[in-house]
Amino acid sequence: MTRNTHDDEWDARIERIAESLPVQDPPEHLWKRIEADIAYEKMHPEHHAHAKEDSALQWLRWRLAFLAQPRWSMAAFSVLLIAGLAVSVYIVSMRSHDTRTASVRASSEQLLSEARDDIDQAMFFYERAITKLTVLAKQNEKNLDPQFVALQNEKILSLRTAITECKSALDENRYHPDVQQYLLTAYVDLQTTLQELATKKN
Amino acid sequence: MSMLQQGDRTRSAPPAIAAELIERCRAGQLGAFEEVYRAYKSFLYSLAWRFHGNRFDAEDSLQETFLAVYRNIGRFEGSAKFSTWLYRILLNTCISRKRRERTDEQKTDFSFELSHPASADVEADVMLAQLLQREISTLPELQRAVFLLYATQGFTHEEIGETLRISQGTSKSYYHRAKETLKKRLRAAGVDGREG
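Heads up: the protein sequence lines correspond to chains A and B, in order.
Each number in the numbering used here corresponds to the 1-based position in the first sequence with 30 added.
Each number in the numbering used here corresponds to the 1-based position in the second sequence with 23 added.
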């Protein structure tokens, strides 16, 4: 009987404390990240299609969970980077070749359209690399000087805001060369900052 | 008129979402998604934070959840409660994220004060809350989800069943097991169940 009463007290106390756990608000910049994701999805509906995973693929992803370990992520990222560079060099060389024969076989409109596709591809690869580096940077943050981390995070936040603004501007005029240049510069800055956070040792 | 309607529950339940707002989301209006985000962010973020035990994973889970909402809003069936659907996406995201990162070192940050101190012995309650929070984040995933929905979000077992697609009986059983595990671990940590 005493035992039961004690257990009831326990239950009541745990439930009361659990109920009193504080409600947390996410940081303000989180909506900016979500907004950027959604804007990206709007620009790349084909990416959305690829992102749909059926349950079998999800199961496979869980099986491959070891890839989430930092050393495997780094290795995968390196492979991706090298492969990306190789493909880029190939594409650029193909485009150079195409350019030489363009006057004969292709209209300038077609070349422009292909170039724009390449730019879209570049943005896609930057986004993908940044997502991966964000994970790695977060994992490494706890090993670094908090002041350094805070400064870098401020920089990251302002770069993400700049990227979101550029993307909004590109929604109005998708191929504005100046905005594209700002966006790519912001991507490069963000990528190098995250890479520094991910690889720096205290 | 506000697009958000107050739900039936007297407890701090998330607001119900008007059909018109869902339609605007379906139409891909970013402003509508932001309205939904503002309405639910505290509820979802708190749940994710308690689930993972750290704010980084909580932020990522919330981000993934809203991306999934954007992707799948077209498939949302009006017959289900929007909040139930939203919580289901969040918990699925949290669970699959946890599975991906299971091998990672557990990182927790639980320094906080209770939103409304439960008794005169505030310090003891805060200490117990921090310990409880830590132990919650190490429960098996489904037990953790059930415990959090029931004990911190005020869901009924029927609502939990609908959200997690399990039976009410399973929900009750998971909740009971979660509570027993927590009591055992708190006892092992030298905490007595009695007040004060």
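Treat each hint with caution, since some may be false.
[Said to hold, decoys possible] When the alpha-carbon atoms are kept at most 30 Å apart in a straight line, the in silico DSSO-like pairs for lysine-lysine are as follows:
#1 A/231 with A/72
#2 A/172 with B/64
#3 B/64 with A/72
[Stated by the list, open to error] Now the stretches of chain A that chain B is said to cover, found in silico as 3 or more residues with beta-carbon under 8 Å:
#4 38-49
#5 179-187
#6 207-216
Hints were generated in silico from the structure; no laboratory data involved.
Just so it is clear, the structure is predicted and the values come from calculations on it, not from any experiment.
Beta carbons are placed, not taken as given, at the ideal position from N, Cα and C, and that holds for glycine.
Now for the hints, and whether the structure bears them out:
A C-alpha spacing of about 38 Å is found between residue 231 of chain A and residue 72 of chain A, which places the hinted pair above 30 Å, so the restraint is violated. A hinted pair counts as satisfied when its Cα atoms are at most 30 Å apart, and residue 172 of chain A with residue 64 of chain B qualifies at roughly 26 Å. Using a Cα cut-off of 30 Å, the hinted pair residue 64 of chain B and residue 72 of chain A holds, with the two alpha carbons roughly 22 Å apart. A count of 10 residues in the stretch 38-49 of chain A with a Cβ less than 8 Å from any Cβ of chain B is obtained; the coverage claim is therefore met, three being the minimum.
Counting residues of the stretch 179-187 of chain A whose CB lies closer than 8 Å to any CB of chain B gives 0, which falls below the minimum of 3, so the coverage claim is violated. Proximity of the stretch 207-216 of chain A to chain B, defined as three or more residues with a beta carbon under 8 Å from a beta carbon of that chain, is not established by the 0 residues found.
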